[in-house]
Each structure stands twice: as structure tokens, then as C-alpha cells.
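Q: Those protein sequence lines, which keep their order, are chains A and B. First residue of the first sequence: 11, per the numbering used here; consecutive thereafter. First residue of the second sequence: 13, per the numbering used here; consecutive thereafter.
Heads up, a few of these hints could be off.
Claimed, not checked - Computed far set for chain A versus chain B, every beta-carbon distance over 10 Å:
(1) Ala-69
(2) Met-70
(3) Gly-72
(4) Ala-83
(5) Pro-144
(6) Arg-266
(7) Lys-305
(8) Leu-411
(9) His-730
(10) Gly-827
Claimed, not checked - Under the rule of at most 25 Å between Cα atoms (straight-line distance), these lysine-lysine pairs were calculated in the BS3-like manner:
(11) A:Lys-77 to A:Lys-25
(12) A:Lys-580 to A:Lys-453
(13) B:Lys-79 to A:Lys-661
(14) B:Lys-67 to B:Lys-30
(15) A:Lys-77 to B:Lys-67
(16) A:Lys-25 to A:Lys-305
(17) B:Lys-30 to B:Lys-75
(18) B:Lys-75 to A:Lys-580
(19) A:Lys-687 to B:Lys-30
(20) A:Lys-25 to B:Lys-67
(21) B:Lys-30 to B:Lys-79
(22) A:Lys-77 to B:Lys-75
(23) A:Lys-372 to A:Lys-453
No wet-lab data here; the hints were simulated from the structure. In this text, a Cβ means the ideal position worked out from N, Cα and C, and glycines have one as well.
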Amino acid sequence: MRAEHWWFTLPLRLKSIFRRNRVEEELDEELEFHLEHRIEEGVASGLSPEDARLRALRAMRGLDQRKEEIRDARRVHWLTDFVDDLRYAVRSLGRTPGLTAFVVITIALGIGMAAGTFSMVDALIFRPYPVPHPGRVVTLSGTTRDSRFEPFSYREYLDLCDHTRSYDGVVANLDMQAVAFAAEPGTTPRVRGGVLVSGNYFRVLGIEPRIGRGFRDDEDRVPGRDAVVVLGAAFWRREFGGDPAVVGRTVNLNGRRFTVVGVAPKTFPGMGTFSHPDFYVPLAMAPVFSTDLQKSFFEDRDDRELTVRARLKTGARLDDARNELAVLARQFQVDYPDASRGRGAAVYTQFQSRTVEDDNWKFGVVFVILALAVLLVACTNVAGLLLSRARSRTREIAVRLAIGAGRSRIVRLLLAESLVLALLGGLVGVAIGYGFVEWFQSKQNIVFQTDLPMAVPMQMDTRVLVATLALAGLSAVLCGLAPALQSTRTDLVKGLKSADAEPPGRKRLWGRNVLVVAQVAGSLMLLTASFLMARSFERSMLEGTGFSKDHLLMVRFDPRLVQYDAEQTKRFYERLIAGVRDAMGVERAALTQNVPFGQDSFEGLTFVPEGFVMPRDRESFASMMGTVDEGYFATMGVPILRGRGFLVSDKADSPPVAVVNEAFARHYWPNSDAVGKRIRRGGANGEPIEIVGVARTIKYQSGSFSGSHTDFLYVPLAQHPVAGMILLARSSGDPLDLVPSVRNIVRRLDPNLPMMQTRAYEDLYMNQAVYGPRIAIDLVGMMGVVGLVLAVAGLYGLVAYNVSRRTREIGVRMALGAQRADVLRLMMGKGMVLVAIGTVIGIGMGFAVERLMNAMLFNAGGVDVLVYLVVVPLMVLVTMVAAYVPARRAARIAPTLALRYE
Amino acid sequence: MSKPSDLVQGTLDLLLLKILALEPMHGWAISLRLRSFSGDVLQVSEGSLYPALHKLEQEGWIKAEWKQTENNRRAKFYSLTRLGRRQLETEMANWQRLSAAITHVVQLSEA
Numbered sequence: 011m012r013a014e015h016w017w018f019t020l021p022l023r024l025k026s027i028f029r030r031n032r033v034e035e036e037l038d039e040e041l042e043f044h045l046e047h048r049i050e051e052g053v054a055s056g057l058s059p060e061d062a063r064l065r066a067l068r069a070m071r072g073l074d075q076r077k078e079e080i081r082d083a084r085r086v087h088w089l090t091d092f093v094d095d096l097r098y099a100v101r102s103l104g105r106t107p108g109l110t111a112f113v114v115i116t117i118a119l120g121i122g123m124a125a126g127t128f129s130m131v132d133a134l135i136f137r138p139y140p141v142p143h144p145g146r147v148v149t150l151s152g153t154t155r156d157s158r159f160e161p162f163s164y165r166e167y168l169d170l171c172d173h174t175r176s177y178d179g180v181v182a183n184l185d186m187q188a189v190a191f192a193a194e195p196g197t198t199p200r201v202r203g204g205v206l207v208s209g210n211y212f213r214v215l216g217i218e219p220r221i222g223r224g225f226r227d228d229e230d231r232v233p234g235r236d237a238v239v240v241l242g243a244a245f246w247r248r249e250f251g252g253d254p255a256v257v258g259r260t261v262n263l264n265g266r267r268f269t270v271v272g273v274a275p276k277t278f279p280g281m282g283t284f285s286h287p288d289f290y291v292p293l294a295m296a297p298v299f300s301t302d303l304q305k306s307f308f309e310d311r312d313d314r315e316l317t318v319r320a321r322l323k324t325g326a327r328l329d330d331a332r333n334e335l336a337v338l339a340r341q342f343q344v345d346y347p348d349a350s351r352g353r354g355a356a357v358y359t360q361f362q363s364r365t366v367e368d369d370n371w372k373f374g375v376v377f378v379i380l381a382l383a384v385l386l387v388a389c390t391n392v393a394g395l396l397l398s399r400a401r402s403r404t405r406e407i408a409v410r411l412a413i414g415a416g417r418s419r420i421v422r423l424l425l426a427e428s429l430v431l432a433l434l435g436g437l438v439g440v441a442i443g444y445g446f447v448e449w450f451q452s453k454q455n456i457v458f459q460t461d462l463p464m465a466v467p468m469q470m471d472t473r474v475l476v477a478t479l480a481l482a483g484l485s486a487v488l489c490g491l492a493p494a495l496q497s498t499r500t501d502l503v504k505g506l507k508s509a510d511a512e513p514p515g516r517k518r519l520w521g522r523n524v525l526v527v528a529q530v531a532g533s534l535m536l537l538t539a540s541f542l543m544a545r546s547f548e549r550s551m552l553e554g555t556g557f558s559k560d561h562l563l564m565v566r567f568d569p570r571l572v573q574y575d576a577e578q579t580k581r582f583y584e585r586l587i588a589g590v591r592d593a594m595g596v597e598r599a600a601l602t603q604n605v606p607f608g609q610d611s612f613e614g615l616t617f618v619p620e621g622f623v624m625p626r627d628r629e630s631f632a633s634m635m636g637t638v639d640e641g642y643f644a645t646m647g648v649p650i651l652r653g654r655g656f657l658v659s660d661k662a663d664s665p666p667v668a669v670v671n672e673a674f675a676r677h678y679w680p681n682s683d684a685v686g687k688r689i690r691r692g693g694a695n696g697e698p699i700e701i702v703g704v705a706r707t708i709k710y711q712s713g714s715f716s717g718s719h720t721d722f723l724y725v726p727l728a729q730h731p732v733a734g735m736i737l738l739a740r741s742s743g744d745p746l747d748l749v750p751s752v753r754n755i756v757r758r759l760d761p762n763l764p765m766m767q768t769r770a771y772e773d774l775y776m777n778q779a780v781y782g783p784r785i786a787i788d789l790v791g792m793m794g795v796v797g798l799v800l801a802v803a804g805l806y807g808l809v810a811y812n813v814s815r816r817t818r819e820i821g822v823r824m825a826l827g828a829q830r831a832d833v834l835r836l837m838m839g840k841g842m843v844l845v846a847i848g849t850v851i852g853i854g855m856g857f858a859v860e861r862l863m864n865a866m867l868f869n870a871g872g873v874d875v876l877v878y879l880v881v882v883p884l885m886v887l888v889t890m891v892a893a894y895v896p897a898r899r900a901a902r903i904a905p906t907l908a909l910r911y912e
Numbered sequence: 013m014s015k016p017s018d019l020v021q022g023t024l025d026l027l028l029l030k031i032l033a034l035e036p037m038h039g040w041a042i043s044l045r046l047r048s049f050s051g052d053v054l055q056v057s058e059g060s061l062y063p064a065l066h067k068l069e070q071e072g073w074i075k076a077e078w079k080q081t082e083n084n085r086r087a088k089f090y091s092l093t094r095l096g097r098r099q100l101e102t103e104m105a106n107w108q109r110l111s112a113a114i115t116h117v118v119q120l121s122e123a
């Protein structure tokens, strides 16, 4: 019935919309046909043709009224009216191109910023997994008292597979890791990113390989047996030119031969937000790759390195899965009290897992909030402009109301105008958003300084576009509704008498005033935020780092990649450092586990200082720790303030020693010399370590702008061997000139061992510590400047509007003897009061933002007074100019002209 | 102004559907037919004829076609659709129920 109904009526409706003229012509022809017959009839009955025509028309009882009735019957009024409204809106906006352009740009700025930040948050949180039915894929995670996101061990993973009923399958993977890759055996390996996955990974996630096959479940049963690899699509194209014959070939991974069995589809760049693996290898091949050396990956229940995901069965409920896993976690605690004490488990949806796993999304949310603040300022600004525009059209609207237009019809007309504005603004805004995304993508290499394939996949996808356009529509309502509603409340009689009727009461002015106050406050807040960031960044730059970062070459090694055992690793590093120290052009060289501002986080140490009375609520203290060799302090230019640095004589079997930084020493021994004191590692009964020296405190990490007071403890390489180490070599010239000789030394020691992160240390430092934070500052600063521009425009608009509204009054005043200064004061005074109120509120909001940023981004406490001393006067000065310019125009009005105005 | 009170609400639709069920015809012919059928009892204003026709067309009950008349003029001919036929049956049934009920009531009051 419904379908058949539309079969007949839809063509009619479409015709009424798109062939309107034709339909009208046909209507005229039809009625004319009728009238002609009627006239003929009249003439036949003896009337004159004129009388006959009159009689015919009378019988119709009003031809035009009937036509309207027929037009209503077409039921497309709402649409044709809307189209008419849009046409009218475009025409009337076209008459004021300057205002229109300004409004469009204002909205576009706000929406563009929102679009850019949306796409950031989208990439960080909302984009679904690139698999079929992504909503059914959940993350299983361990939990402890301190952490809500803990990996599982291989043993635990097997139990999860065997003892859960809610899933179609449970998959596991290790984090992406550096792998020494060589397409042909015997060529120099390069570092590529590989992921170890369970055998059912592709099958359960529903990934159909592009060519070849995914893993079989049995390829994940026997450790070390099935050396097979699935390539990522992008890697396959890059490395093999997209050659389909790659399936069946062998490649070298970490010195072992693997057979390529398939290529993942282009649509599957990996499950991680940032990492886009070059290839996948079965978990059972873990012995070839880096896992915790201290533990046995396949046996130890506490070797927890696996991310576990599962696909919910159709019909299975998340709550049931949660209960099931909770029961299982309790069983683990009972069965394995040592390995599982205090460990729970949780099932996370994609959204939950992304927000629990890391905190990057918080940056995105901060930026979205800031962008929305800009949009809000833009909208209030536009609303203000439309309000004054509507005012100047008071008479037009009064006429429309007088000749019978409904109020809702007028509101619709005015809303159509703001809709056109918002859509134009939205389109330009999307373009700005694209620009923003491009800009951010071009900074990717700064954000991710790594040899591995990592990137924030920011893009303007459909989700972002829809959200942006929805926002544009919302802004249309926000900008347009208030002015539209107010203008229909016009007093008809007054409206018809004068082009600008006095507003009824103070209420309307009150609204405008609130807008200006909000703008001033909002932009002041944004400016404060950006200044605050820039200031604390600058401060941290001025402080310096405490070590010399120039003329340093860094190269990272990881002998685990070629399966060295501890002894081989030790020998390799001994020979390496000896060779490098002898090389031409090397002044000094050292080995260190981490470099300051590097990408890897520092190791943590728990300890108890000997003879220290512990606070009742804790058993140990924590500090950052790093393994360095005896040349480190000299090479990095970190002075030893008291005691000594490490010596070659600090061997594995000699008494354990450590060097602490000054912050550490002052923290625990504020009144005595730390040298000679001992700490116990792990707890009160741990291994004793003697502090033999105190080094100057340096900065260790980027991310926090003021990390100058971090405790740090150095231990000698011989007593605390670590597999992955960074070679630092200081040269007198360009540090990169040392690369060939270092490469020769490494090749002589082991041609299969890749050199990673080979670069001048200063480059790393600049990227991590300078350019990265600067991106954030640029971003907020950009917003602050945009906000200021908007606020200025808003204030200018308000004063200019007041001037035009009170032109006649000004004329009268001047005719009665008011001086220009009086007029200036009159026009500016109100604006400046508003600025003052806005400033006070803005300062309050600035304090709030400062507290928020201190809590989320920086760790500096206190209030930065100078920021307000700069921002507030700047704000006041700029807004005064904005009010002065139109006010001066008022003061120059010739009284005779003003009195004749209108 | 058209006078809906001239006819019982909705009966014009019924009349038009019924007339068009006989054969396709144009507006003028329908108005002649209405006049001749009902004599002077049913005063259908020509003013309400065309809005009613257009309404029926938009409901999908009748469809329109431009054709030549016998005098070789172009005219808009209306004809019943399948939906219209069904509608006619419904409305006729309704009308018969209604008129039977009214007749019944009228006779009651006379008795």
C-alpha cells in the first residue's frame, strides 16, 4: 500500500519541486481551458464576451486563491519555501559581501579548528578497528592495584583460550618490535617493525589476506618450528614493489630464514593506534625475537608481554564475558598464588581500551575543548553581527509581518540565512581542517622519532566530516536563532515608522553585552593558556639541560636481535667501545642504556636507603635508573660533584656501586654527604649498593617542561648488564662523519647486527625537547590569536552598531554643544566597562586553565604572574583600539548630517 | 470562497472518483457531468473542483495525462488509478453505511 502510494505520488512531488515552472504552466493551461469553455457557454447563452468572462471568473470564486489552494495540495510547500528562503538568503547576503565574508571566515576558523582536533581525537579514540564487525572485538587485560591495563603471559593466554566460552576466538600479540630484516641472506640487515601474533590472529579477526594465506592455528604450537611470515601491505609494496611472487620466498629476520606465506590486505594496517607493522610472525617463533631475557616466554606465568583480544560470539553479552573473566582471574589467584597475587582481569571495549591504555587522548581532548571555545567565541560574534543586521532590517520584517507573514515563517527565513552562512563557513572550515591535518601530518616525524613504522593516522574521514557538518548546523542555530526570534518580536507600529525602532526595554542590550563579555573572557583565557605554555617552555629552555649535547653521535644496538646470550653481549660491547675509542676523530665514547630525551623510558628502581626511617605507609622509594659505562659522565659532560664516577675496576664481582644525581642526594641526605651511604635494592633486605659519587642533576625526559628535579641513579654496566645499549661518540667535527668508521667496526664484529637510531644526538634532542613541545604551543597560540581577532571584531561590531543606532542622538548632543571628547567617551565608555568585566572573568578562567594544565601537562605549580601582566594589558589595549575606531567616527559626525539621518 | 458546507464533508471526493471510474475526462467535462448528474441539488462550486482534483492526484488516486480533445485541443485528462479504485470502494462502502445510518435515524424520528 505505502509503496504503491509512492509509486504514483513521488514522480508528482519531484515534478513539483524540480519542474516547478512547467507545473505552473500546466495549471494555468488547465484552468484557462476550463474558463474558455465556460465563456463559450456564456456567450452562447447571449452574454457579451466580457460579461461571460467575468461570470466565469466569479464562478471560480477567485482564480489566484484557487491556484494557491492547488499549490498547497502539492505538499512540497515546506521544501519550495525553504528553497525560496535559501535563494533569498543568498541574494540578501550577496548585497553585503563584506559582512558575509567576515562572518563566513569567522565561522570557518572555528569549525576548521574543531574539524582538525576532531580528526585527532577520532584517530586516538573513535576510529574502529580495521576488521569486520569491529564492535565485537574486545580487549582482555590484566589489572593490578596500580594499573588497569596489564598484559598477560603466554601461559595465561593459553588458559584464557581454553577456559572462556564467550568468544569466537582469543588472539594475542606482542608489541611491535625492532627486527633485523634482510630480503636476501647476506645483505646488511635493516631495522623493520614486526609483530608476533597468535596463529589464529588473522582468522579470528576476520582478515582475508590479499595474497597467499594467513597463519594456520598449528603454526603456533611448537616453539621455533614454523618460520613463516605474513607481510603488511604497505611494506610489501615498499620493499618488494608489490610483487605477488613474493609468496614462497624466504627472507632473513634476525638472522633466521622465514618463508613468506601471505600479504595482509591494504585495509588492515594493524590493530594498534600508532603502530603499523611491516610484518607478522607466529608467537611460537618468539625465541628468535626480543622477549624478556630474564624469563622464559613459553613457561613463566609472570612473563607478561601479550596484548590479548577476543571476538565476542554472536549473542554473547559483554557482562557475561566480564563475569567469566573475573571468575577466571580469581582461579588464577588460587592456582598460582606467586605469579597472580593481587591480579584481576577486565574486558574492555575498543573505546575503553584506548582510553585506559595510554593518556595521549587527553591531549586531543584538551585541544578539542580549546577549539570548541574558539568556535563558541566565533558563534557569539556572528550572533552579535546578525543581531545588528536584523536590527537594521526591522522595517523590512515589520512589513513582512504586517502583510501577513507568520512569525515562524520569518524565523525560518532568518534561520535560512544563518544556515547559508554556516554551510559556507563549514565548507571553508573543512578546508581549514584539511590544512590543519596536513600540517600535523608533516610534523609526524617529529612526534614519532623512530625507525619503526609509527604514525598517528589523522585524516578527514566520513566520521569527522559528519561531526563537522553537524557542528556547522548547530552553529547555524546558535548564531541565528536568537537574532531571528528577537527580530520577530518587533513592535509593528514602531517598526513601520522608523528603520531602527528603539529596542523594547533593556533586555536586548543585555544580551549583546553578555556576548562581548564572553568574547573578551574567552579569548583572554585562550591567550593565557598559550602564553603560559610558551613561557614555561621558554623557562625550561633557558635553564638548559645540564649536559653538552653537541658533537655527539648516537647509535643504538640490540644484540637480542641476533640471539646473543649474556656473555656474547658483554664481549660485543667491550670490543665495540674499545674499537670506537681507537677510531679516528673520536674524542670520547661511552655506552648508556638510555639517552636523556630519548624515546625509551628509563628503568625504574625501588630501594630503601640504609639507616633511613621509612614513613609508615610505604616500604620502599622509587627512582629512575640507568646503566652507563665508565666513560659516560665524561662523554656527556656531566660533572661529578663529589666522590667519583665509575671506573673500569667496578666489575661484576666487585662490591656494587652507584652514582646518584644531586637531587637524589639532597632528597635522602639533605644534611650530610651522600657519598659512602648505601641503599638496598628492592627492599630493606635487598642487595646493598654503595653510593660512590654525586653527579650534577640534568634533565632526563621530554614531555614534562620542567623535569629538573628528578631523582636519578646510575649503575655501572659491568654490574647491571643490559642488552640494548646506545653508543655515544664525541667528535671534534660533525658527529655524522664518524658513522662510516663505526659501521666498519660493527661489521667486523657481526655483519648481521643492525645499527639503529643512527643520528646526531642534537637532532634527537631538538625534535624531542624543542620541536615537539613547540607544535603544541603553536597550536594553542594559533587558537589564542584567532580568539583575540574574533573578540576584537566582536567589540568593534558592537561599538559600530551602537554608533549607527545612536547617530541621531549624537547629532542632537553635538548640536547642543557636546564636544568630540564627550562623544568619544560616551561611545567607548560602555564598551570599556564590558571589556573590564570580561577581563575579570577571563582572568578567573585563566587561573582555572592554568590549574588544569598544571595537573594534566606540566608539573609546575603556582601562578605565573608575568603571563597576566603581559596578556591583560595587551588585551585591554587591543580592545580599546577596537572600540576607539568606530567611536572616533561617531565623534566626527557632522551634527547637521546626523539630524537628517534616516 | 468555496463552500464545503454545500456538500457533506468528503463527498466531493467520492463523486469525483465515481465519475472518473466511468471514463477518463478533463476538468470541464467533469464539471458538466457533475451538473447534469445531480441537477440543482448538489451545488459543486467550480472553485472547489480543481483543488479537489489536484488533491486526489497528489494522493495517488487519480492520474493526469495531457491528451487531444475531440475538438483537437490539448486538455488534462484525469483517470482512476488502481489505488483510486480501491479508495472508491472504501468510500462507497463508507457512504452507504453513513447514509443507511442517517436514513435510519431520520425514519426513527418520524415514527
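Q: The structure should be examined with respect to each hint, and the outcome stated for every one.
A: Here is how each hint holds up against the structure:
Listed as a non-interface residue, A:Ala-69 fails to keep its Cβ farther than 10 Å from every Cβ of chain B; the least gap is roughly 5 Å. Not every CB of chain B is more than 10 Å from the CB of A:Met-70 (nearest about 5 Å), against its label as outside the interface. Under the 10 Å C-beta cut-off, the non-interface status given to A:Gly-72 relative to chain B is violated; the minimum distance is some 7 Å. The Cβ of A:Ala-83 sits about 4 Å from the closest Cβ of chain B, inside the 10 Å cut-off, so the non-interface label is violated.
Residue-level check passed: A:Pro-144 sits 43 Å from the nearest beta carbon of chain B, beyond 10 Å. Residue-level check passed: A:Arg-266 sits 74 Å from the nearest beta carbon of chain B, beyond 10 Å. Taking the minimum C-beta to C-beta distance to chain B, about 76 Å, the non-interface status of A:Lys-305 holds against the 10 Å cut. Every beta carbon of chain B lies more than 10 Å from that of A:Leu-411, the smallest distance being close to 25 Å; the non-interface claim holds.
Distance check on A:His-730: its Cβ is at least 86 Å (rounded) from any Cβ of chain B, clearing the 10 Å threshold; non-interface status holds. A:Gly-827, annotated as away from the interface, keeps every beta carbon of chain B farther than 10 Å; the closest lies near 63 Å. Distance hint between A:Lys-77 and A:Lys-25 is fulfilled; the C-alpha atoms sit about 17 Å from each other, no more than 25 Å. Distance hint between A:Lys-580 and A:Lys-453 is unfulfilled; the C-alpha atoms sit about 38 Å from each other, more than 25 Å.
Simply put, B:Lys-79 and A:Lys-661 have alpha-carbon atoms about 110 Å apart, too far for the 25 Å limit, and the pair is violated. Restraint check for B:Lys-67 and B:Lys-30: the C-alpha separation of about 16 Å stays at or below 25 Å, so the hint holds. Between A:Lys-77 and B:Lys-67, the direct Cα distance comes to roughly 12 Å. Compliance with the 25 Å bound is thereby established for this hinted pair. Taking the CA atoms of A:Lys-25 and A:Lys-305, the gap is about 76 Å. The hint is violated against a cut of 25 Å.
Proximity of B:Lys-30 to B:Lys-75 is assessed by CA-CA distance (about 14 Å); at most 25 Å being required, the pair is judged to hold. With a C-alpha separation of about 94 Å, the suggested pair B:Lys-75 and A:Lys-580 falls outside the 25 Å cut-off, and the hint is violated. For the proposed pair A:Lys-687 and B:Lys-30, the alpha carbon gap of about 111 Å is over 25 Å, so the pair is violated. Between A:Lys-25 and B:Lys-67 the CA atoms are separated by roughly 15 Å; this keeps the pair inside 25 Å, and the hint holds.
A C-alpha spacing of about 21 Å is found between B:Lys-30 and B:Lys-79, which places the hinted pair at or below 25 Å, so the restraint holds. A hinted pair counts as satisfied when its Cα atoms are at most 25 Å apart, and A:Lys-77 with B:Lys-75 qualifies at roughly 19 Å. At most 25 Å may separate the alpha-carbon atoms for a hinted pair to count; A:Lys-372 and A:Lys-453 meet this at roughly 19 Å.
Violation of the numbered hints given earlier is confined to hints 1, 2, 3, 4, 12, 13, 16, 18 and 19; the remaining hints are satisfied by the structure.
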